[in-house]
Amino acid sequence: MIPRTAKSAVGRRILDAFRAAGAVEVAPDILLPADTLLDLYGEDIRARAYLTTDPIRGEVALRPDFTVPVVEMHMAQGAEPARYCYLGEVFRKQDHGDTRPAHPRDNEYLQAGFELFSRAPDADAEVFALFHGILAPCRLSATMGDMDLLLDAVAGLPLSAPRRALLAHHIWRPGRFERLLDRFSAVEPPRHFAINGAPWTGLRSEAEMEARISRLEAGAEGPPLDPAWRTRLHRLFSVAGPAPTALDELRILADHIPAIAEAVERLSARLNAIAARGIDPAAIRFDASHGRHTMEYYDGMTFSFTAEGRPDWPPVASGGRYDALTRVLGQGEAIPAVGGIIRPGLVAELECAPC
Amino acid sequence: MLKLGLPSKGRLMEQSFDWFAGRGIRLSRSGSDREYAARAEGVEGLSLVLLSAGEIPRELAAGRIHLGVTGSDLIREKLAGWRSDVVELAPMGFGHADLVLAVPACWRDCETLDDFASIARDFRAAHGFRLRIATKYHRLVRAFLSEHEVADYQLVDSQGATEGTVANLTAEAIADITSTGETLRANHLKILPDAVIHESQATLVANRRAVETGATAELAAHLGLPPHVA
Numbered sequence: 001m002i003p004r005t006a007k008s009a010v011g012r013r014i015l016d017a018f019r020a021a022g023a024v025e026v027a028p029d030i031l032l033p034a035d036t037l038l039d040l041y042g043e044d045i046r047a048r049a050y051l052t053t054d055p056i057r058g059e060v061a062l063r064p065d066f067t068v069p070v071v072e073m074h075m076a077q078g079a080e081p082a083r084y085c086y087l088g089e090v091f092r093k094q095d096h097g098d099t100r101p102a103h104p105r106d107n108e109y110l111q112a113g114f115e116l117f118s119r120a121p122d123a124d125a126e127v128f129a130l131f132h133g134i135l136a137p138c139r140l141s142a143t144m145g146d147m148d149l150l151l152d153a154v155a156g157l158p159l160s161a162p163r164r165a166l167l168a169h170h171i172w173r174p175g176r177f178e179r180l181l182d183r184f185s186a187v188e189p190p191r192h193f194a195i196n197g198a199p200w201t202g203l204r205s206e207a208e209m210e211a212r213i214s215r216l217e218a219g220a221e222g223p224p225l226d227p228a229w230r231t232r233l234h235r236l237f238s239v240a241g242p243a244p245t246a247l248d249e250l251r252i253l254a255d256h257i258p259a260i261a262e263a264v265e266r267l268s269a270r271l272n273a274i275a276a277r278g279i280d281p282a283a284i285r286f287d288a289s290h291g292r293h294t295m296e297y298y299d300g301m302t303f304s305f306t307a308e309g310r311p312d313w314p315p316v317a318s319g320g321r322y323d324a325l326t327r328v329l330g331q332g333e334a335i336p337a338v339g340g341i342i343r344p345g346l347v348a349e350l351e352c353a354p355c
Numbered sequence: 001m002l003k004l005g006l007p008s009k010g011r012l013m014e015q016s017f018d019w020f021a022g023r024g025i026r027l028s029r030s031g032s033d034r035e036y037a038a039r040a041e042g043v044e045g046l047s048l049v050l051l052s053a054g055e056i057p058r059e060l061a062a063g064r065i066h067l068g069v070t071g072s073d074l075i076r077e078k079l080a081g082w083r084s085d086v087v088e089l090a091p092m093g094f095g096h097a098d099l100v101l102a103v104p105a106c107w108r109d110c111e112t113l114d115d116f117a118s119i120a121r122d123f124r125a126a127h128g129f130r131l132r133i134a135t136k137y138h139r140l141v142r143a144f145l146s147e148h149e150v151a152d153y154q155l156v157d158s159q160g161a162t163e164g165t166v167a168n169l170t171a172e173a174i175a176d177i178t179s180t181g182e183t184l185r186a187n188h189l190k191i192l193p194d195a196v197i198h199e200s201q202a203t204l205v206a207n208r209r210a211v212e213t214g215a216t217a218e219l220a221a222h223l224g225l226p227p228h229v230a
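Going line by line, the protein sequences match chains A and B. By the UniProt record's numbering, the letter at position 140 of the first sequence is numbered 140, and the numbering carries on one by one without gaps. By the UniProt record's numbering, the letter at position 69 of the second sequence is numbered 69, and the numbering carries on one by one without gaps.
A couple of the hints might just be wrong.
[Claimed, not checked] The following label-pair restraints were derived from C-beta to C-beta distances:
no., chain 1, residue 1, chain 2, residue 2, range
1, B, ARG23, A, THR99, 47 to 53 Å
2, B, GLU41, A, ASP35, 31 to 37 Å
3, B, ARG11, A, ASN196, 29 to 35 Å
4, B, SER47, A, PRO174, 48 to 54 Å
5, A, GLY175, B, GLU199, 40 to 46 Å
6, A, ARG235, B, GLY63, 37 to 43 Å
7, B, SER47, A, ASP44, 41 to 47 Å
8, B, SER84, A, ASP44, 21 to 27 Å
[As the list claims (entries may be wrong)] Here are some of the chain B residues that sit facing chain A, going by a computed Cβ distance under 8 Å:
no., residue
9, LYS78
10, ALA80
11, MET92
12, TRP107
13, PHE123
14, ALA126
15, GLN154
16, ALA161
17, GLU163
18, GLY164
19, VAL166
20, GLU172
[Unchecked claim] Covered by chain B, according to a simulated footprint, are these stretches of chain A (three or more residues, beta-carbon under 8 Å):
no., segment
21, 44 to 51
22, 141 to 152
23, 167 to 173
24, 256 to 268
Just so you know, the hints here were simulated from the structure itself, not pulled from any lab data. Ideal Cβ positions, reconstructed from N, Cα and C, are used throughout, including at glycine.
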């Protein structure tokens, strides 16, 4: 058992490294308004965050992560480019379903984080290299993903705009995504809905229903998707391996999925920028589907650092690009943002003296 | 001494008495029917306590009672990681009720859970907030919808008269227990056939540690239950 003081000491060393990289330390509240988090993350957050009620403020959450309060703070007052860092506890419920694990995960733990708000093209590389450098003594495995590739591939499908939007919306829900893809790849008979005499009830309006029915009764807009597209998407989702090899595969795929060509070149530029910072791209595993298993707000590069010998551990560090989140929180205004967190408690257990 | 907890009221208690009587154990209330005390005859070493059905899962998990009769829905809803604490010994064949997802009957475009997911997304875009489902079964409903990858909804708590929340505009759909569906129909709601979240019935449940004792094995044999493999 590593004492809490030792974990904090590791956290402070990481924080120093973030400050040395130009970040300003911020200290967001621990009690956060729940409505913003609920709207962003949906019901998942209730299963994961501790919610409580304040007689005046209403529903509040014990900070489940720092990203939302840091983004809100920046959107309210920040100027670009801006680099922020923080160190503090986050709180997560661990509700595991029918059987409790023998070694439940921590309900509260430290996060040391770094967030970069910048339009510079090498911002991704800066953040990845910073985390890589700090964690180098811990000999972790680095994995990178790129939601840009997947979202661009979906956006380029020869389907109607609403169908492409629907697929993009469910990209983080693999089962639902596959079912939609199957549906769109087949000749779909128009649906017919029986009229019933039930009186109208509830807030959803009759006009909303009629709009959906006319959409469905009209059948698919345009022909079904050529099954080759499903195969191409599956090939894209399963690209995984050392980053330079994966990049070669992606370039070949881009001949068949032209919509990803630009994202592939952005990935290539990012890997070059990372190499220019002294990191061998061949030591980074690229997994095209990595971001599908992370929080829904990442919409570009995603990354995680995991401890090989600890398969039961969560990632020691993780992060990514979340431009979409700043758009949601900024009421129309968006700022390119990329960042990540390290768990000092796990680093302390590895006894690898980071920084 | 094994302690058996039974629901203290109504049909569930009567039917539990009948179930045990059919297996040679006579349970009865002692004194007046307002007194929450009871006794067991026909078997040695069994004492009976009457308590609220909703509290039986918690008392079982804590080991304050060794056996209990309660709905399989309440076990799953009230005990996180229930299999770690309790063992279901026997479904009892009464107290049937399904936890279902129900939507306004007038939603004629909503025939499946996939329709529901699609409507939830449209609703969120049109109204600026997530479609609300009123329920008191938060954990079961959330786990079901998460497993089926439904997004764009939120749960709102409703501890009673849940079927009325849609007409009151405090929810767009509900998830609640129903046996005949009559209350749902009366409130102009319909069940989504592929969204039966849990099929509940009265169940004889044992504390996990109590299951490993000889006393429980003897009682199980007396009741004609197959020996439990813990």
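Hints, verified against the model:
1. B:ARG23 / A:THR99: 47 to 53 Å: For B:ARG23 and A:THR99 the Cβ distance comes to about 30 Å; the hint is violated.
2. B:GLU41 / A:ASP35: 31 to 37 Å: Taking Cβ atoms as reference, B:GLU41 and A:ASP35 lie about 57 Å apart, which means the hint is violated.
3. B:ARG11 / A:ASN196: 29 to 35 Å: At roughly 33 Å between Cβ atoms, A:ASN196 and B:ARG11 fall inside 29 to 35 Å, so the hint holds.
4. B:SER47 / A:PRO174: 48 to 54 Å: Between B:SER47 and A:PRO174, where Cβ atoms are some 52 Å apart, the hint holds.
5. A:GLY175 / B:GLU199: 40 to 46 Å: The hint (40 to 46 Å, Cβ to Cβ) is violated, given that A:GLY175 and B:GLU199 are roughly 22 Å apart.
6. A:ARG235 / B:GLY63: 37 to 43 Å: 54 Å, violated
7. B:SER47 / A:ASP44: 41 to 47 Å: With a Cβ separation near 44 Å, B:SER47 and A:ASP44 satisfy 41 to 47 Å, so the hint holds.
8. B:SER84 / A:ASP44: 21 to 27 Å: Given range 21 to 27 Å: holds, Cβ gap about 23 Å.
9. LYS78: Violated: closest Cβ of chain A sits about 13 Å from B:LYS78, beyond 8 Å.
10. ALA80: 5 Å, holds
11. MET92: At about 21 Å, which exceeds the 8 Å cut-off, the nearest Cβ of chain A leaves the hint on B:MET92 violated.
12. TRP107: Hint on B:TRP107: holds, closest Cβ of chain A at ~6 Å, below 8 Å.
13. PHE123: Holds: closest Cβ of chain A sits about 6 Å from B:PHE123, inside 8 Å.
14. ALA126: 6 Å, holds
15. GLN154: 6 Å, holds
16. ALA161: 15 Å, violated
17. GLU163: 11 Å, violated
18. GLY164: 10 Å, violated
19. VAL166: With Cβ-Cβ at 5 Å, under 8 Å, it holds.
20. GLU172: 5 Å, holds
21. 44 to 51: holds (count 3)
22. 141 to 152: violated (count 0)
23. 167 to 173: holds (count 3)
24. 256 to 268: violated (count 0)
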